[in-house]
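Next come the chains, spelled out residue by residue.
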Amino acid sequence: MGRFLVRRLAQSAVVLLGVTLVVFLLLQLVPGDPVRVALGTRFEQDTYDALRERAGLDRPLPVQYLSYVGNALTGDLGVSFRSGDPVTGIVLERLPATLTLAFFAVLFALLVSFPLGILSAVKNGSVLDHVARVFSQFGVSVPDFWMGILAIILFTGVLGWLPPSGYTPLGEDPVDWFKHLVLPSVTVGLVTAAILTRFIRSSVLEAMSEDYVRTAEGKGLSPRRVVTRHVLRNALIPVVTVAAVQLASLLGGVIVIEVLFAWPGLGQLTFDAVRARDYPVLQGAVLLVAALFLLTNLLVDLLYAKLDPRISVR
Amino acid sequence: MSVTEPNAEHAGPAPTPHVSERGRVWAALRRNKPALAGLFILAVLVVAGALGPLLAPYGINEVDADHLFQGPSRDHPFGTDDAGRDVFSRVLVAARVSLLVGLVSVGIALLVGVTIGLVAGYYRGVVDNVLMRCMDVLFAFPVLLLAVAIVAVLGRGLVTAMVAIGVVYTPIFARVTRASVLSVREQVFVTAAVSTGASDWRIMRRHVLPNIAAPLIVQTSLSLAFAILSEAALSFLGLGIQPPQPSWGRMLYDGRGYVQDAWWMGLFPGLAIFLVVLAFNIVGDALRDVLDPRQLTKDEARRTA
Amino acid sequence: MSEPVLALEGLTVTFGSARGTARVVDGVDWAVHPGQTLAVVGESGSGKSMTVLSATGLAPRGAKVTGTVRLLGEELTAMSDADRRRARGRHIGFVYQDPMTSLNPVMTVGRQVSEACEEHLGMSKQEGRKRAVELLGLVGIPSPEERVDNYPHQFSGGMRQRVVIAMALANEPEVLIADEATTALDVTTQAQILELVAGLQERLGTAVVWITHDLGVVAGIADRVVVMYGGRIIEQGKVDDLFADPAHPYTQALLAARPQPGVRADRLLTIAGTPPLPTELPPGCAFWPRCPVRGDARCEHEEPPLVEVAPGHEVRSFYRADPAVTEERSA
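Protein chains in written order, with our numbering: chain A, 1 to 314; chain B, 1001 to 1305; chain C, 2001 to 2331.
Check the hints yourself; a few may be wrong.
[Unchecked claim] Under 7 Å between C-beta atoms, here's a sample of chain B residues computed to sit facing chain A: (1) Met1132; (2) Asp1136; (3) Leu1145; (4) Ala1149; (5) Ala1232; (6) Ala1233; (7) Phe1236; (8) Trp1263; (9) Gly1266; (10) Val1277; (11) Asn1281.
[To be verified] Pairwise CB distance ranges, derived in the manner of DEER restraints: (12) Ser2156(C) with Arg1124(B): 27 to 37 Å; (13) Val240(A) with Lys2238(C): 38 to 48 Å; (14) Leu29(A) with Lys1033(B): 22 to 32 Å; (15) Pro223(A) with Pro2282(C): 37 to 47 Å; (16) Gln2126(C) with Leu92(A): 46 to 56 Å; (17) Val127(A) with Thr1196(B): 38 to 48 Å; (18) Leu73(A) with Gln2126(C): 44 to 54 Å; (19) Arg225(A) with Gln2126(C): 13 to 23 Å; (20) Arg8(A) with Ser2143(C): 24 to 34 Å; (21) Leu299(A) with Gln2126(C): 32 to 42 Å; (22) Gly2016(C) with Arg225(A): 22 to 32 Å; (23) Pro1244(B) with Val175(A): 28 to 38 Å; (24) Gly2010(C) with Asn124(A): 30 to 40 Å; (25) Arg310(A) with Glu2009(C): 40 to 50 Å.
If you're looking for bench data, these hints aren't it; they were derived computationally from the structure. Where is the CB? At the ideal position from N, CA and C, for every residue including glycine.
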């Protein structure tokens, strides 16, 4: 376990370093002078000089990179080309909204996909199985933003039950907060549910064909016990990974949904930063999301090692 | 002592496709009704892509100020948009660019990813480690976020969108290829080829590549689905195909403001994306069932994110 | 002789498919008595495993099972699914071929052993654990108090098979069914497992049904032998009679194919051809296409009956019915 942990940590550190390099290079790849591009045609020379100075763009590339990594480690991700505010603050301020959306989307997805995926595998070939398979095939194929639009047409346009977009902080008005949360999180959640249902179904089916299930049946266990103790315990271990990876991907993957529903999270921030050519903010958002993604993966692997007794000896 | 090994039915690797197996694949697809439906949709897509502008009843930018926001009718089966343009014509014509972005970007991902995976899996060791860590780095970014970042830096437009989507889907091809190469490399015919002194390049081309075709064909079909989905998302964000060129994603973005009054603007372009993506997915799954039944990777779970 | 523990009468298993019905098991009769070992021999696809699985209610989905199965005098085939399930693990224990895959990888061996006791005898977790330690000791696992909390991957193949045997014997069942239980093991381990089962059988008076393709195993442990081919019994008898005087050409070929001391491996005989698919059984004798004798013109079109050639020794072949052919061939 100790060696596994060390190796896994080292691997994540290397990948994270690579991630910082990619994010750093984003700014270097901007054709021309990124600060000039960002500021447009009319700007104060002082502002321009200050931003270039702050971004350290006049130093040699390796030095720039090292200072970028060094600063990032101390929590300094530079300043916005637009507002001059520290990027770290801007990015962290948007994180809770995205976390909320991703969390509720995955929660909804789990509530749907667990029963559906398991029942669909256990009752392989039944009507329910067909429904589940059509659901998951449609779900992975549907553009989430289109589903969002359809949901708005239905729940706002036709039924008038829910607001089409926007965000109310939980502290201000919990009911309104929830009303705004429902459409975006269910939209994202349905797509995630489709992916998970598919995965759970095949994972359970695979476990059901294992020899140890036959052994359990030979012991005369009730069908229910065979499924819960032997099939599910094995089948759901990989599902933990996939569900967590889904959650992590959603942190940066809900750009379009956030834009559609005017949800003030990291995705909306990224979108605004791209439009404003505010490269430091874009870099900060991308770096944060990638780092969170790596962290989730690391935690999941450690959890996996706890759940699966075979891992520790590998 | 034994007459026949009792577990002989479990022995032997899954068959890999050769040209002679095309018949078998076709026969299996023909029996699969959803796959047939998928192939039909793809055929329609190809026809629309090739002949779209000729088939379209109206010009894609034919503004008609007298017929703004018209609901579906005989004259305008998908209605008209905020500039009085015929939505049906625009959806039809946009098929070409969607298909083009899908094919080119997956082509890029296939070419680069397979090369990387082949080299990594064949030479193993340090080369493998360095290349695959690079792929891990790319894999650490959610697909759409990375594509958005690349487009943001390189400038919006058709070409950068294709490059960005291509880059984003490269690691999946690299991983699939590497995993297959690792198992093929251990097989006798490769060892035999090595012992006859054939060059590495020749062995990879003649012996390894044909034997890893199955998972790659499947991955290509599935990736086409998600490349088209990604393009739609980029265009929705205004980062992909630029107006006045019509694109499904952009039409949805424009339609989003009128969902309560002109629902058709938000319905039909999305339906087009959905059907095409669904078709590629169904065909991909059907191919997987025939060619590569035991493939279900964790990567798959990430493909829409 | 005492009442049989497990007896099959006319057991038939069919699968319906679009292209016709497949008769995987066809009218099989056999019985096993307390403390005795019955070996069921055949190639893969001969129906030997399917016979036992179907008899105990473990037939795969879609199988149609007819005939009578009696367990301790009670008709198993007339029971509900739930009652039949309760008989498994309580009165019948199973040992499968591959100990590497037949144990649940994420559950301690102790839990897997005690599970059947908890299910059938209503033992508590603590009692179950005590019982598991006892059983692991019984099957010869060293320091069972510590090993009880280990996971399957921490055991070698032979030790895992001992765990599987402990599981099968957890409730001291009257019948133990061993389906190719030593096939996946190396020769030394195989011998140890055979010895273990024989010892336990003597101690507990268990009847054993040993399903195998390996005549070497049969010679060492069986009292009676049933030879199956194409879903049917083609020969059965006491082990000594059958080895001394194999009556069916198939059995003779099987015995000839055994490696013998002093015979070089390259001189071993093999049986040409492959066993028939259950969907493509020939109209007459199932072995006819591969038969080296084909002594009788009826063989191709008429199924030979099972006839007694010596007390307790039955064979399904026209070949034995015509002594002239026998002499000619053996000359």
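Hints, verified against the model:
1. The closest approach between the C-beta of Met1132(B) and any C-beta of chain A is roughly 10 Å, which is over the 7 Å cut-off, so the hint fails.
2. The restraint placing Asp1136(B) at the interface with chain A holds, with a minimum CB-CB distance near 5 Å, inside the 7 Å limit.
3. For Leu1145(B), the interface hint holds, the least distance from its beta-carbon to any beta-carbon of chain A being 4 Å, beneath 7 Å.
4. Using the Cβ-Cβ criterion of 7 Å, the hint placing Ala1149(B) at the interface with chain A is satisfied: the shortest such distance is roughly 5 Å.
5. The beta carbon of Ala1232(B) comes within 6 Å of a beta carbon in chain A, closer than 7 Å, and the hint placing it at the interface holds.
6. Proximity of Ala1233(B) to chain A holds as hinted, the smallest CB-CB distance being about 5 Å (cut-off 7 Å).
7. For Phe1236(B), the interface hint holds, the least distance from its beta-carbon to any beta-carbon of chain A being 6 Å, beneath 7 Å.
8. Taken as an interface hint, Trp1263(B) checks out: its beta carbon lies about 5 Å from the nearest beta carbon of chain A, inside 7 Å.
9. Given hint, Gly1266(B) at the interface with chain A, holds; its Cβ is 4 Å from that chain's nearest Cβ, closer than 7 Å.
10. The interface hint given for Val1277(B) holds, since its Cβ lies 4 Å from the closest Cβ of chain A, which is under the 7 Å cut-off.
11. About 5 Å separates the beta-carbon of Asn1281(B) from the nearest beta-carbon of chain A, less than 7 Å, and the hint is met.
12. At about 30 Å, the CB distance of Ser2156(C) to Arg1124(B) agrees with the hint of 27 to 37 Å.
13. A C-beta distance of roughly 56 Å is found between Val240(A) and Lys2238(C), which places it outside the suggested range of 38 to 48 Å.
14. Between Leu29(A) and Lys1033(B), the C-beta spacing of about 47 Å breaks the proposed range 22 to 32 Å.
15. For Pro223(A) and Pro2282(C), the hinted distance range of 37 to 47 Å is satisfied, since their beta carbons lie about 39 Å from each other.
16. Distance hint for Gln2126(C) and Leu92(A): a CB-CB separation of about 52 Å, consistent with the stated range 46 to 56 Å.
17. Separated by about 57 Å at the C-beta atoms, Val127(A) and Thr1196(B) break the suggested range of 38 to 48 Å.
18. Between Leu73(A) and Gln2126(C) the beta carbon distance is about 53 Å. The supplied range of 44 to 54 Å therefore holds.
19. Between Arg225(A) and Gln2126(C), the C-beta spacing of about 19 Å keeps the proposed range 13 to 23 Å intact.
20. The given range of 24 to 34 Å is respected by Arg8(A) and Ser2143(C), whose C-beta atoms sit roughly 33 Å from each other.
21. Separated by about 35 Å at the C-beta atoms, Leu299(A) and Gln2126(C) satisfy the suggested range of 32 to 42 Å.
22. Hint check: Gly2016(C) to Arg225(A), Cβ distance near 30 Å, so the stated range 22 to 32 Å holds.
23. Checking the proposed 28 to 38 Å range against Pro1244(B) and Val175(A) shows it is violated: the Cβ atoms sit about 44 Å from each other.
24. Hint check: Gly2010(C) to Asn124(A), Cβ distance near 31 Å, so the stated range 30 to 40 Å holds.
25. One distance hint, 40 to 50 Å for the beta-carbon pair Arg310(A) and Glu2009(C), holds here, with the actual separation near 45 Å.
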